[in-house]
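Colleague: With chain A's structure known, arrange chains B and C on it following the hints.
Chains as they are written, first to last, in the numbering used here: chain A, 1 to 299; chain B, 1 to 172; chain C, 1 to 612.
It is worth saying that the hints were derived from the structure and are not from the lab. All C-beta atoms, glycine included, are put in the ideal place defined by N, C-alpha and C. It is possible that some hints are incorrect.
[What the hints assert, rightly or not] Here are the simulated distance ranges between beta carbons:
| id | chain 1 | residue 1 | chain 2 | residue 2 | range |
| --- | --- | --- | --- | --- | --- |
| 1 | B | Thr5 | C | Gln590 | 52 to 62 Å |
| 2 | A | Val36 | B | Phe144 | 50 to 60 Å |
| 3 | B | Phe23 | A | Gly28 | 48 to 58 Å |
| 4 | C | Thr452 | A | Met1 | 46 to 56 Å |
| 5 | A | Pro241 | B | Gly120 | 33 to 43 Å |
| 6 | A | Leu259 | C | Gly431 | 34 to 44 Å |
| 7 | A | Met1 | B | Val16 | 28 to 38 Å |
| 8 | A | Leu259 | C | Pro159 | 51 to 61 Å |
| 9 | C | Thr452 | A | Val37 | 29 to 39 Å |
| 10 | C | Leu13 | A | Thr2 | 24 to 34 Å |
| 11 | A | Val36 | C | Pro159 | 42 to 52 Å |
[Claimed, not checked] One side of the interface only, derived from the structure: several residues of chain C facing chain A at Cβ under 10 Å:
| id | residue |
| --- | --- |
| 12 | Leu16 |
| 13 | Pro84 |
| 14 | Gly408 |
| 15 | Gln409 |
| 16 | Ala592 |
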Amino acid sequence: MTTVLVLLLLLAAGTYLVAVLEAWTASGRFRLAGPVVAGIALLGREFIVPRKPDRIFFEVAPVLLLLSALLAAAVVPLTPDLIITDLATGALFINAALVYVLVALLMAGWGPNGAYAMIGGWRFLGQLIAYAMLIVMPITAVVMRAESLLTTRIVASQAGLWNIVYQPLGFMLFFVAAMALAFLPPFDLPTAKAELAGGVEAEYSGVRLAIFRLGRLALIVTLAAAAVVFYLGGWQGPWLPPWAWSAIKILAVCATMLLAGRAMPRVRDADLLHWCWILGIPLALLNIFLVGLLVLVLP
Amino acid sequence: MSAQTFFIGFFGLAAVWFGVVVFRTHSMVRSALALLFSQTALGALFLSMQAEFLGVLQIMMMATEMSIMAIFMVMFMMDPGGLGEMDMTHQKRLSLAAGFVAFAAAVAAAVFVDWGPVAGVAPDAAQQTHDLGIELLGRSMLIFETAGVTILTAMIAATAVAMPAVKRIGNK
Amino acid sequence: MIAGARQGKLSGLRRLTALAMARDLRAFIVPGADIARAHGLDIEAAGMQVVASPRHASVLLVVGVIPPALREAAAVIYAQMMRPRALFVLGPDELDQLPEADIREDLSQQDLIRGVRRLRSAFAEGAFRPDVADFDAPVLHVRIQYTCPMHPEVVQDEPGSCPKCGMNLVAREAPATAGHTHADQPELIVDADTHATPAQDHAAQHGMNHDAPAEYTCPMHPEVVQNEPGSCPECGMNLELRETKGTKSHEDAGISPDSDHSSMDHNHMDHGDMAFMSMVGVTKDLPRSSDGLPMDWIDVPFGPFFPGLPGGLLLTLTLDGDTVAGSSVQTPGGNEELLQHSALDAGSFIERLAKVEPLAPVSYRLLACRATENAAGVEVPAATACARVGALERERIASHLGWLALFGQQTGFDWLQRCAASLQLKVQNAGIRQVLALKPDIAFLIKRLHRTPLLKSRTAGVGRLAPNAALRGPVARAAGIGNDARSTDPSYAALGFTPVCREGCDALARLQVRVEEITHGLALIVAAGAIELPAPINIGEASGAGEAAVETPRGVARLRLTLEKGRVTAAQLETPSTLHLALIDPLIKQLALGDALLAIGSLDLAPWEVRQ
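For reference, chain A alone in the conformation it holds in the complex (with noise of 0.2 Å):
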């Protein structure tokens, strides 16, 4: 219980610094009480609910973000003993619970009954499409080294090298593939500003809003601890503690993924597809007979 609660802790407090990184890397002012200004300021202002919305879809699709957000995180440990469930195909169950953002988003969109939130939903389908793979065959090779499912398994597979240094390609794809997934810029099409006024985020307001952004900056949080569980090496690290390794190894994933689409241009939905698909789907393949190499050559 004790763990769930420090879990719960700690990724409120990195959802907040995200939350800092985000305004900075979008408007270019550091302001640490930014978030939590917003925040309250949401709390107090007026909730409209468009006009015949899908009443259900519409209130239920912000939870959902931020369940699906926390449910993968479940299985994330920060140090070999923090972690809320050490499930033994946890590998697949970030996967799982990670592809219920997909359905919160088109809930999202499809709820409020307008054209700018419906596009914004179905373009992601489209996106998943694009990025799915690449979420699960990387992770496909990272389970071959550490031969199980297990996510404190794959951390302690890598103690002798990370798997950014034993598996590079796998570490790109997925670190694409979860901006993707995270609708982060370059990938930002369901929420993309300029062609959809906000997309699925467009007809939310007050709470509602609160919750669905709150949710997106976890969803942030728990793909970057991911990416740190399989390929950085988790909580290892020489001098400091387990959980301060984790934390600075997550942060620095976060800000390289915000910093990251700021300097490019909106990829087009069909360009992701396209590349997805010709280059990236083959490199992963690529990768998992690589890995499959190594693990058979190397001892």
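Modeller: Using the frame of chain A, we list chains B and C on its own:
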């Protein structure tokens, strides 16, 4: 009543309830997502029966599949949005009959099949996955896995070939 | 105190949220960020965050003059915002549809900053009030009507029962009818979802021609036709309303002729021999788009205050999935009266023309000066002409930087948007020294732009326009047409001017032309050595006819005018955006939504200068 029994019952009922919703709603997206949550509840049912791998797999696979089904329904049908009060049922008598027959068959199978001795403890998840693979594929494991990878490669290759060459007019 | 306060007493926790709201001001800009920048306003520096959707805004920031045609749209935007919401008006404008402005200031950065300070205290003290009146404007009302489910010809504005069958009438959103000339406006508004979104509102669309003879048919079994609604005897589906052919009654009301595509598509299908629920059968007669997937068509309004388009542009896209199947464009055209006037003395005429186009005031001022001088037969001293070139080129640089900011916003390229916008603000009123001091910053921006990944693949091939006579300005030069009014200008010739030319014909070429023109403009300013706003020269009591052409940042603008005793009695203006507007529809057909918006953006339209 143990917690396990409670959750099995709860998720079972949830699966049935969402299954009913599929036909009671007038909106196709709701219908598709209700089917999704029905399947998710089945996955949770597996989980509460300690079949971890099957449960997680079910929960993962269905989300994508049902979402894609939803978009195809919306794209092709003439009544998106459910504002036209579309009826999700058709061929009612046939479906009723088929439903009853299937239900009776399932009950009969559950009651009359000899399921063997009841296991005391469920094996751990890794062992389960191993056993499941052996049970399903047996000696043909390697053949099936090779075929699986081959089919996947073929699918990707087919997609790559099917894409028209993107014309880029060069700019100097 | 703010008029759009939220209901409730200001106490305890609410006081805290009110303080937070005062710190966290989110503004939706009307008519758009480009206009705000053209007026020299830096909204973010003043302490407000700019948002893309009115649902996320707490402040409606109105900048400058809003033509009457756009006021209803502004009222709808206001109605869509979260309470507590405030109306912050910069400039002298009267806004008849909106409530009284909470804060009103003049159009300048200092006044903006002072207004934000006042806004903060207004939020902190008046975000919640026990007695609040709902915002009410006529434009929010026209769309609810009551109709009988059995007798679609019964339509009235109040609920009640049907005079024919006594059933209770049901509410529905009324379509545009000839009686309400502006009733179609809400559909043109960004985020029109408090109104009939054409997307999923088939009920409204089917009711479109409500006094046409109606019949009901099964979508699956076309042979089932009856005069009353009900369910199909064969499959039990609810029957759909369809109009009998040849009764397009209300299409003259200004709505786009595409607006009932979806109902049309459904009704004209022939499912005679298809198998039950066969996708092929269902979709075989739907129009195909470029991706080959037949889908339900929806009309989506973009503008007039859409964040990714020039402010004031009213664009309605018919979308087939994510692909554009058709479009219609409208512009505010609110400045027409500037030329329809009684005789004006030359000085006021020049001032008036300078206000025609808020995005390029210097160019139009210069145009008016030159035309009057030409009519009066006055020669301008070479030094003045040279300094005028400096001013025109400075405006071109500022305008192209503003375009880069919009381009950055459209493509989600935040760095470019921020950097170009801040440079534009610095350049547009800078003296010659400041402009020269900004040279390294501009050079850095351009260098970084050249190195940006994905930029080429994002823009190459988008919005291709074959060279034709309707192209003007950078759009023409990006299509290899080297016509540039500056080439024939002696003061430019003295500075060694050659037009920039590209052959690409697409958005990338337009980007490259504009970027290069920024560099060229800087060189021209250096050569000119001075920047001086064109000022009217005293022409006395001269009479005659004159004309002039100026290469504005968007292309050549021509002005013909007649002078009678020093007064302008007739004037005729030809602007580049007017011609470009007609190019939009063929340009974006069958493009994906993102590409379509990018293609429109690459034309750099100025909706304000359009003359209809």
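Colleague: Against this structure, judge whether each hint is valid.
Modeller: Hint-by-hint comparison with the structure:
no. : hint                            : verdict
1   : B:Thr5 / C:Gln590: 52 to 62 Å   : holds (58 Å)
2   : A:Val36 / B:Phe144: 50 to 60 Å  : holds (54 Å)
3   : B:Phe23 / A:Gly28: 48 to 58 Å   : holds (53 Å)
4   : C:Thr452 / A:Met1: 46 to 56 Å   : holds (50 Å)
5   : A:Pro241 / B:Gly120: 33 to 43 Å : holds (42 Å)
6   : A:Leu259 / C:Gly431: 34 to 44 Å : holds (36 Å)
7   : A:Met1 / B:Val16: 28 to 38 Å    : holds (33 Å)
8   : A:Leu259 / C:Pro159: 51 to 61 Å : holds (56 Å)
9   : C:Thr452 / A:Val37: 29 to 39 Å  : holds (33 Å)
10  : C:Leu13 / A:Thr2: 24 to 34 Å    : holds (30 Å)
11  : A:Val36 / C:Pro159: 42 to 52 Å  : holds (46 Å)
12  : Leu16                           : holds (6 Å)
13  : Pro84                           : holds (7 Å)
14  : Gly408                          : holds (8 Å)
15  : Gln409                          : holds (5 Å)
16  : Ala592                          : holds (6 Å)
This entry satisfies every hint, going by the numbered hints stated previously.
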